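K.L.:
Take a look at the letters that make up each chain.
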Amino acid sequence: RKEVEQDPGPFNVPEGATVAFNCTYSNSASQSFFWYRQDCRKEPKLLMSVYSSGNEDGRFTAQLNRASQYISLLIRDSKLSDSATYLCVSGGGGGADGLTFGKGTHLIIQP
Amino acid sequence: DVKVTQSSRYLVKRTGEKVFLECVQDMDHENMFWYRQDPGLGLRLIYFSYDVKMKEKGDIPEGYSVSREKKERFSLILESASTNQTSMYLCASIQQGLGTDTQYFGPGTRLTVL
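Chains A and B, in that order, are what the protein sequence lines are. The numbers in my numbering rise by one with no breaks, and the one at position 102 of the first sequence is 102. The numbers in my numbering rise by one with no breaks, and the one at position 108 of the second sequence is 108.
No wet-lab data here; the hints were simulated from the structure. Quantities reported herein were computed from a predicted structural model and do not represent experimental measurements. Errors might be hidden in some of the hints.
[As the list claims (entries may be wrong)] Beyond 10 Å from chain A on every Cβ pair, some chain B residues (computed):
{"no.": "1", "residue": "G16"}
{"no.": "2", "residue": "K18"}
{"no.": "3", "residue": "V24"}
{"no.": "4", "residue": "K53"}
{"no.": "5", "residue": "S67"}
{"no.": "6", "residue": "P107"}
[What the hints assert, rightly or not] The list that follows gives simulated cross-link-like pairs (lysine-lysine, PhoX-like), each with its CA atoms no further than 25 Å apart:
{"no.": "7", "chain 1": "A", "residue 1": "K42", "chain 2": "B", "residue 2": "K3"}
{"no.": "8", "chain 1": "B", "residue 1": "K57", "chain 2": "B", "residue 2": "K70"}
{"no.": "9", "chain 1": "B", "residue 1": "K71", "chain 2": "A", "residue 2": "K45"}
{"no.": "10", "chain 1": "B", "residue 1": "K18", "chain 2": "B", "residue 2": "K70"}
{"no.": "11", "chain 1": "B", "residue 1": "K53", "chain 2": "B", "residue 2": "K70"}
{"no.": "12", "chain 1": "B", "residue 1": "K71", "chain 2": "B", "residue 2": "K3"}
{"no.": "13", "chain 1": "B", "residue 1": "K71", "chain 2": "B", "residue 2": "K53"}
{"no.": "14", "chain 1": "B", "residue 1": "K55", "chain 2": "B", "residue 2": "K18"}
{"no.": "15", "chain 1": "B", "residue 1": "K18", "chain 2": "B", "residue 2": "K57"}
{"no.": "16", "chain 1": "B", "residue 1": "K3", "chain 2": "B", "residue 2": "K53"}
{"no.": "17", "chain 1": "B", "residue 1": "K57", "chain 2": "A", "residue 2": "K45"}
{"no.": "18", "chain 1": "A", "residue 1": "K79", "chain 2": "A", "residue 2": "K45"}
{"no.": "19", "chain 1": "B", "residue 1": "K13", "chain 2": "A", "residue 2": "K42"}
{"no.": "20", "chain 1": "A", "residue 1": "K45", "chain 2": "B", "residue 2": "K3"}
{"no.": "21", "chain 1": "B", "residue 1": "K71", "chain 2": "B", "residue 2": "K57"}
Ideal Cβ placement from N, Cα and C applies to all residues, glycine included.
Taking the hints into account, I'd like the entire structure generated from these sequences.
P.N.:
In structure tokens, the structure reads:
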């Protein structure tokens, strides 16, 4: 059974701080990885893909560790608007049966 | 810009009613999905379709059926709604590419079954 595990939180973090989440995935055949962001009562939206070499998009950095089967997301200089639930996602590569979603990590940025 | 639309944002139905949830995507994606999302349980896959008239069961298909008569449209059907089907329903379609399978979601339908 394919699973993605992540700490549900909530993570309460002061504005301006750096926060990191990890998640682990069980399917060693997974080939694609993502972080999605979901705001309250809204649909999940793609935040960033996660590449083997790691990738950075502004204040956000994602890393993949295939040997340990975990994915990380780092948010620097956190803003109030970063408050959301972050979903860790893995895909089998073929995409026919979609992606496997974690249950999400709830982040609250406090002023 | 990819667009996935769902027929209703909020829906209230009574136990035993037949419920249709419609989803349309405008990017010619082959694969479409229906999920439900509940607090503490995350996203759970109900059914998916990888082509017109093709369907596959996801993790929780019981009590649901689907229809894919046209490529752009994927319908979720609750033959006889029950209170435990009160949930947020999310439709998605996927764009497959080299190493990137980006899934796009519709805005969701919040269904309440009384």
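K.L.:
Would you mind marking each hint as holding or not holding in the structure?
P.N.:
Going through the hints against the structure:
1. G16: holds, 27 Å
2. K18: holds, 25 Å
3. V24: holds, 15 Å
4. K53: The claim stands: K53(B) keeps its Cβ more than 10 Å from every Cβ of chain A (closest is about 15 Å).
5. S67: holds, 18 Å
6. P107: Violated, because the least Cβ-Cβ distance between P107(B) and chain A comes to about 5 Å, which does not exceed 10 Å.
7. K42(A) x K3(B): holds, 15 Å
8. K57(B) x K70(B): This hinted pair holds, its Cα atoms lying about 19 Å apart.
9. K71(B) x K45(A): holds, 23 Å
10. K18(B) x K70(B): holds, 21 Å
11. K53(B) x K70(B): holds, 8 Å
12. K71(B) x K3(B): holds, 14 Å
13. K71(B) x K53(B): holds, 9 Å
14. K55(B) x K18(B): Status holds; Cα separation ~20 Å.
15. K18(B) x K57(B): Holds: K18(B) and K57(B) sit about 20 Å apart, inside 25 Å.
16. K3(B) x K53(B): holds, 22 Å
17. K57(B) x K45(A): holds, 24 Å
18. K79(A) x K45(A): holds, 18 Å
19. K13(B) x K42(A): Satisfied, since the Cα-Cα distance of roughly 21 Å is no more than 25 Å.
20. K45(A) x K3(B): Distance of about 12 Å is within 25 Å: holds.
21. K71(B) x K57(B): Cα-Cα ~18 Å, so holds.
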